[in-house]
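Please work from the sequences and hints to get the whole structure.
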Amino acid sequence: MRGTMRKYPPKPDRVYFFGTCLIDMVYPEAGMAAIRLIQREGVEVIFPSEQSCCGQPAYNSGFPDEARRVAEKQMEIFQEPYPIVVPSGSCAGMMRHHYPRLFDNGASRSRVEAFSERIFELTEFLVHVLNIKLEDRGEPVTVTWHSSCHAAREMGVIEESKSLIRQLKRVTLVELENEDQCCGFGGTFAVKQPEISEAMVEDKIDDIQKTGAAQVLSGDCGCLMNITGAMEHRKIPISGLHLAEFIWERING
Amino acid sequence: MDNKGATTHFDFKANVRKALKNSQLRSNLKFAMGSMRAKRRVVFSDPEAFEALRVRGSAIRRRALLKLPELLERLEEKCTENGISVHWAETTDQANRIALGIIKDHNAVRVVKGKSMVSEEMHLNHFLAEHGIESLETDLGEFIIQLDGETPSHIIVPAIHKNRQEIGRTFHDKIPGTPYTEVVEELNAIARKTLRRKFYEGEVGLSGVNMAVAETGTLCLVENEGNGRMCTTVPPVHIAVMGIEKVVEKLADVPPLVRLLIGSATGQLITTYVNMITSPRRPGEKDGPTEIHLILLDNCRSSILSDPELRQTLQCIRCGTCLNHCPVYTRIGGHAYGFIYPGPIGKILTPQMEGLEKAGAIATASTLCNACEEVCPVKIPIPNLIRRIRDESYDPEGSVPGHGFKRTLAESVVWKGWELVNRHRVLNAASTRLAGIFGPILPRIGPLNAWTRTRTRPAFAKKSLHDMAREEGIKND
Numbered sequence: 154m155r156g157t158m159r160k161y162p163p164k165p166d167r168v169y170f171f172g173t174c175l176i177d178m179v180y181p182e183a184g185m186a187a188i189r190l191i192q193r194e195g196v197e198v199i200f201p202s203e204q205s206c207c208g209q210p211a212y213n214s215g216f217p218d219e220a221r222r223v224a225e226k227q228m229e230i231f232q233e234p235y236p237i238v239v240p241s242g243s244c245a246g247m248m249r250h251h252y253p254r255l256f257d258n259g260a261s262r263s264r265v266e267a268f269s270e271r272i273f274e275l276t277e278f279l280v281h282v283l284n285i286k287l288e289d290r291g292e293p294v295t296v297t298w299h300s301s302c303h304a305a306r307e308m309g310v311i312e313e314s315k316s317l318i319r320q321l322k323r324v325t326l327v328e329l330e331n332e333d334q335c336c337g338f339g340g341t342f343a344v345k346q347p348e349i350s351e352a353m354v355e356d357k358i359d360d361i362q363k364t365g366a367a368q369v370l371s372g373d374c375g376c377l378m379n380i381t382g383a384m385e386h387r388k389i390p391i392s393g394l395h396l397a398e399f400i401w402e403r404i405n406g
Numbered sequence: 018m019d020n021k022g023a024t025t026h027f028d029f030k031a032n033v034r035k036a037l038k039n040s041q042l043r044s045n046l047k048f049a050m051g052s053m054r055a056k057r058r059v060v061f062s063d064p065e066a067f068e069a070l071r072v073r074g075s076a077i078r079r080r081a082l083l084k085l086p087e088l089l090e091r092l093e094e095k096c097t098e099n100g101i102s103v104h105w106a107e108t109t110d111q112a113n114r115i116a117l118g119i120i121k122d123h124n125a126v127r128v129v130k131g132k133s134m135v136s137e138e139m140h141l142n143h144f145l146a147e148h149g150i151e152s153l154e155t156d157l158g159e160f161i162i163q164l165d166g167e168t169p170s171h172i173i174v175p176a177i178h179k180n181r182q183e184i185g186r187t188f189h190d191k192i193p194g195t196p197y198t199e200v201v202e203e204l205n206a207i208a209r210k211t212l213r214r215k216f217y218e219g220e221v222g223l224s225g226v227n228m229a230v231a232e233t234g235t236l237c238l239v240e241n242e243g244n245g246r247m248c249t250t251v252p253p254v255h256i257a258v259m260g261i262e263k264v265v266e267k268l269a270d271v272p273p274l275v276r277l278l279i280g281s282a283t284g285q286l287i288t289t290y291v292n293m294i295t296s297p298r299r300p301g302e303k304d305g306p307t308e309i310h311l312i313l314l315d316n317c318r319s320s321i322l323s324d325p326e327l328r329q330t331l332q333c334i335r336c337g338t339c340l341n342h343c344p345v346y347t348r349i350g351g352h353a354y355g356f357i358y359p360g361p362i363g364k365i366l367t368p369q370m371e372g373l374e375k376a377g378a379i380a381t382a383s384t385l386c387n388a389c390e391e392v393c394p395v396k397i398p399i400p401n402l403i404r405r406i407r408d409e410s411y412d413p414e415g416s417v418p419g420h421g422f423k424r425t426l427a428e429s430v431v432w433k434g435w436e437l438v439n440r441h442r443v444l445n446a447a448s449t450r451l452a453g454i455f456g457p458i459l460p461r462i463g464p465l466n467a468w469t470r471t472r473t474r475p476a477f478a479k480k481s482l483h484d485m486a487r488e489e490g491i492k493n494d
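In the order they appear, the protein sequences are chains A and D.
At position 198 of the first sequence (counting the first as 1) the number is 351 in our numbering, and the numbers step up by one without a gap.
At position 425 of the second sequence (counting the first as 1) the number is 442 in our numbering, and the numbers step up by one without a gap.
Everything labelled a hint here was simulated from the structure, so no lab data went into it.
By construction, the Cβ of each residue, glycine as well, lies at the ideal position given by its N, Cα and C atoms.
Hints are not guaranteed to be accurate.
Stretch-level coverage of chain D by chain A, calculated; a stretch enters the list once three of its residues show a Cβ under 8 Å from a Cβ in chain A [unchecked claim]:
#: 1; segment: 33-46
#: 2; segment: 247-253
#: 3; segment: 345-359
#: 4; segment: 386-392
#: 5; segment: 445-454
With a straight-line cut-off of 25 Å between C-alpha atoms, the simulated DMTMM-like cross-links for lysine to aspartate or glutamate are [what the hints assert, rightly or not]:
#: 6; chain 1: D; residue 1: K479; chain 2: A; residue 2: E182
#: 7; chain 1: D; residue 1: K396; chain 2: A; residue 2: D359
#: 8; chain 1: D; residue 1: K479; chain 2: A; residue 2: E203
#: 9; chain 1: D; residue 1: K433; chain 2: A; residue 2: E229
#: 10; chain 1: D; residue 1: K47; chain 2: A; residue 2: E332
#: 11; chain 1: D; residue 1: K480; chain 2: A; residue 2: E385
#: 12; chain 1: D; residue 1: K215; chain 2: D; residue 2: E183
#: 13; chain 1: A; residue 1: K164; chain 2: D; residue 2: D494
#: 14; chain 1: D; residue 1: K492; chain 2: A; residue 2: E225
#: 15; chain 1: D; residue 1: K423; chain 2: A; residue 2: E348
#: 16; chain 1: D; residue 1: K47; chain 2: A; residue 2: D359
#: 17; chain 1: D; residue 1: K480; chain 2: A; residue 2: E203
#: 18; chain 1: D; residue 1: K396; chain 2: A; residue 2: D257
#: 19; chain 1: D; residue 1: K492; chain 2: A; residue 2: D166
#: 20; chain 1: D; residue 1: K479; chain 2: A; residue 2: E402
#: 21; chain 1: D; residue 1: K492; chain 2: A; residue 2: E348
#: 22; chain 1: D; residue 1: K30; chain 2: A; residue 2: E351
#: 23; chain 1: D; residue 1: K396; chain 2: A; residue 2: E332
#: 24; chain 1: D; residue 1: K47; chain 2: A; residue 2: E348
#: 25; chain 1: D; residue 1: K423; chain 2: A; residue 2: D359
#: 26; chain 1: D; residue 1: K47; chain 2: A; residue 2: D360
#: 27; chain 1: D; residue 1: K492; chain 2: A; residue 2: E270
#: 28; chain 1: D; residue 1: K433; chain 2: A; residue 2: D257
#: 29; chain 1: A; residue 1: K345; chain 2: D; residue 2: D28
#: 30; chain 1: D; residue 1: K396; chain 2: A; residue 2: D333
#: 31; chain 1: D; residue 1: K35; chain 2: A; residue 2: D359
#: 32; chain 1: D; residue 1: K38; chain 2: A; residue 2: E351
#: 33; chain 1: D; residue 1: K35; chain 2: A; residue 2: E348
#: 34; chain 1: D; residue 1: K38; chain 2: A; residue 2: D360
#: 35; chain 1: A; residue 1: K160; chain 2: D; residue 2: E391
#: 36; chain 1: D; residue 1: K30; chain 2: D; residue 2: D408
#: 37; chain 1: D; residue 1: K30; chain 2: A; residue 2: E402
Structural data, given as structure tokens:
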């Protein structure tokens with residue numbers, strides 16, 4: 154499933170932006186920052202207003218028919234052949250790797266595959282397609298990076314995400330001890346198995362505290378909501394931010 | 018299945034709570050799983066070579082499953098030619114009765130046993146005890162948990178939930194005349210001394226099978242303690258039990274699979290013992306059993322085989338590495354899963370064997386993080402199969418036993434509503450706005466209650482990304 158062998162297209166004139174439902178409702182600033190980062194490279198961004206959710210919540214919860222109809226709607230909306238940039242490894246993984254499975258029985262397989270081919274996680278798009286160069290204007294800060302499982306194992310974009318942080322000269326990145334371990338979010342898992350989820354996020358928070366970082370960054374808002382929600386609950390003064398928002402703040406001083 | 022005394026009522030949530038509260042268990046697991054992962058990383062340090070080997074291993078297992086009926090027939094034919102008696106069992110009860118029959122034919126009362134998950138599936142020890150036969154586990158881990166009356170908590174390292182202090186106490190309490198010690202070498206010596214005598218007294222040896230070769234009728238068994246070799250060579254009768262999926266086509270299929278199995282299971286290049294058993298003692302030979310019996314157990318495997326997607330469950334070679342890498346298993350341990358096979362493989366295998374009503378709950382205990390799929394030596398798409406088990410739980414038209422048991426009007430309505438909100442722009446905008454307004458004052462019940470046990474509630478934005486994009490004049494079609 155990893156995207157390590159992926160061939161990237163040349164820089165396009167315009168892209169679609171799929172904001173994800175969680176960013177739409179809880180983290181809109183992260184979505185705007187991602188849009189601005191793409192626009193800054195001279196690429197037009199189209200944000201179709203009928204877009205909603207990739208379908209993953211139902212897909213992972215035993216309701217594939219409902220997921221399929223929501224996925225079908227997204228494919229209808231993003232119909233021009235532009236690349237589709239997604240500021241989440243998990244939603245991108247769903248659209249890139251799971252849509253073909255979801256529509257496995259239909260005659261529309263080639264259409265679905267063509268759609269999935271156009272899906273790019275934000276940081277891989279910034280690095281490989283836009284070849285973005287970042288100039289750090291912020292104060293010195295120490296951060297740590299939490300990789301979502303799907304960004305790591307489905308999209309294979311962790312090095313891309315970290316390479317963006319490393320471009321920022323006054324940011325010190327201290328990596329997590331068990332970076333490859335899940336934070337315990339897992340969508341509906343967090344509410345279906347709250348005790349196990351809690352045990353997982355507690356271990357993650359311990360690792361985050363050990364880094365001495367002032368901020369934890371991630372490319373996935375599901376993980377962020379889980380980790381920062383649990384840190385706030387425990388009154389731990391470490392904030393969390395989506396990588397796009399962090400970068401946008403740094404390069405604009 | 019009258020002997021499944023262990024599975025009366027299964028309350029997964031209660032098991033999870035109990036496991037998470039046990040701080041000794043959590044620290045034992047954290048330490049043990051971390052060291053097993055580290056050992057494995059060393060043997061598979063070259064990702065490209067590992068991937069190539071995995072592709073090979075997966076292809077071998079897929080090919081074997083595609084030809085399974087044919088390969089099993091050939092295996093029976095070859096084994097029979099070699100002098101191994103082959104027995105077929107559709108259910109665990111039949112398998113138990115076949116084993117008992119063989120033991121009784123020899124008027125035996127003492128069985129020495131090597132490690133076998135299929136025998137656990139059969140609850141064989143319990144069954145034999147009911148018939149007055151002593152069945153002694155000789156694998157060190159199995160020996161320890163048998164003393165404590167427990168079941169394995171891990172496929173490869175059955176006593177992994179215990180540390181050496183706990184084992185020292187068990188030996189002191191359960192083996193007469195044993196002083197307490199927590200020195201590993203001394204603990205090993207105690208077990209060795211106790212078991213050595215038992216090997217000579219054993220009238221029947223019983224073992225599992227890691228893989229059987231159809232081409233040659235060879236039973237392969239890998240192990241590190243030598244107890245497997247003792248069980249299969251010292252007693253005059255050897256009974257091997259095996260799930261029907263464990264057959265491979267050719268002798269040449271064995272080396273790559275053994276390499277994958279051992280590297281994944283224990284992080285070794287090769288185990289101390291690799292037993293390849295092809296016949297009983299031949300005339301003129303000085304050792305080995307005079308009789309070998311192979312019991313082939315189905316126990317739902319044929320029906321799993323008939324579904325092309327679920328069939329992939331049967332590719333498993335029981336290395337246990339998915340357990341070691343699972344963020345859920347490493348926190349709750351194997352006993353919480355309630356049945357024989359824990360961890361990611363258990364989440365897909367157990368519901369298919371036991372039915373969804375009984376065991377479907379364990380499939381909810383996954384974040385679908387894909388760690389299991391990433392390390393599986395035969396490339397089983399475990400997360401997708403977990404999704405399939407979840408689908409089956411709600412699907413009245415499904416095919417796994419117990420399908421549709423979870424379907425309730427309330428949950429169906431919730432997901433239908435979710436679908437409508439995500440297909441209609443106006444509903445979507447309205448619900449996002451409502452979340453922004455009512456999010457902070459929603460009552461803490463249901464999912465929100467579960468979420469806020471340990472986290473602050475999500476802060477829904479007053480202005481959505483849709484609103485912001487419109488205000489910024491971002492093109493919208």
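Results for each hint:
| no. | hint | in the structure |
| --- | --- | --- |
| 1 | 33-46 | holds (count 4) |
| 2 | 247-253 | violated (count 0) |
| 3 | 345-359 | holds (count 3) |
| 4 | 386-392 | holds (count 5) |
| 5 | 445-454 | holds (count 4) |
| 6 | D:K479 - A:E182 | holds, 11 Å |
| 7 | D:K396 - A:D359 | violated, 32 Å |
| 8 | D:K479 - A:E203 | holds, 19 Å |
| 9 | D:K433 - A:E229 | holds, 20 Å |
| 10 | D:K47 - A:E332 | holds, 15 Å |
| 11 | D:K480 - A:E385 | holds, 23 Å |
| 12 | D:K215 - D:E183 | holds, 24 Å |
| 13 | A:K164 - D:D494 | holds, 20 Å |
| 14 | D:K492 - A:E225 | holds, 22 Å |
| 15 | D:K423 - A:E348 | holds, 21 Å |
| 16 | D:K47 - A:D359 | holds, 14 Å |
| 17 | D:K480 - A:E203 | holds, 16 Å |
| 18 | D:K396 - A:D257 | holds, 20 Å |
| 19 | D:K492 - A:D166 | holds, 14 Å |
| 20 | D:K479 - A:E402 | holds, 21 Å |
| 21 | D:K492 - A:E348 | violated, 44 Å |
| 22 | D:K30 - A:E351 | holds, 14 Å |
| 23 | D:K396 - A:E332 | holds, 23 Å |
| 24 | D:K47 - A:E348 | holds, 17 Å |
| 25 | D:K423 - A:D359 | violated, 36 Å |
| 26 | D:K47 - A:D360 | holds, 14 Å |
| 27 | D:K492 - A:E270 | holds, 23 Å |
| 28 | D:K433 - A:D257 | holds, 22 Å |
| 29 | A:K345 - D:D28 | holds, 14 Å |
| 30 | D:K396 - A:D333 | holds, 19 Å |
| 31 | D:K35 - A:D359 | holds, 22 Å |
| 32 | D:K38 - A:E351 | holds, 12 Å |
| 33 | D:K35 - A:E348 | holds, 11 Å |
| 34 | D:K38 - A:D360 | holds, 21 Å |
| 35 | A:K160 - D:E391 | holds, 22 Å |
| 36 | D:K30 - D:D408 | holds, 20 Å |
| 37 | D:K30 - A:E402 | violated, 44 Å |
Checked against the numbered hints above, the structure breaks hints 2, 7, 21, 25 and 37 and satisfies the rest.
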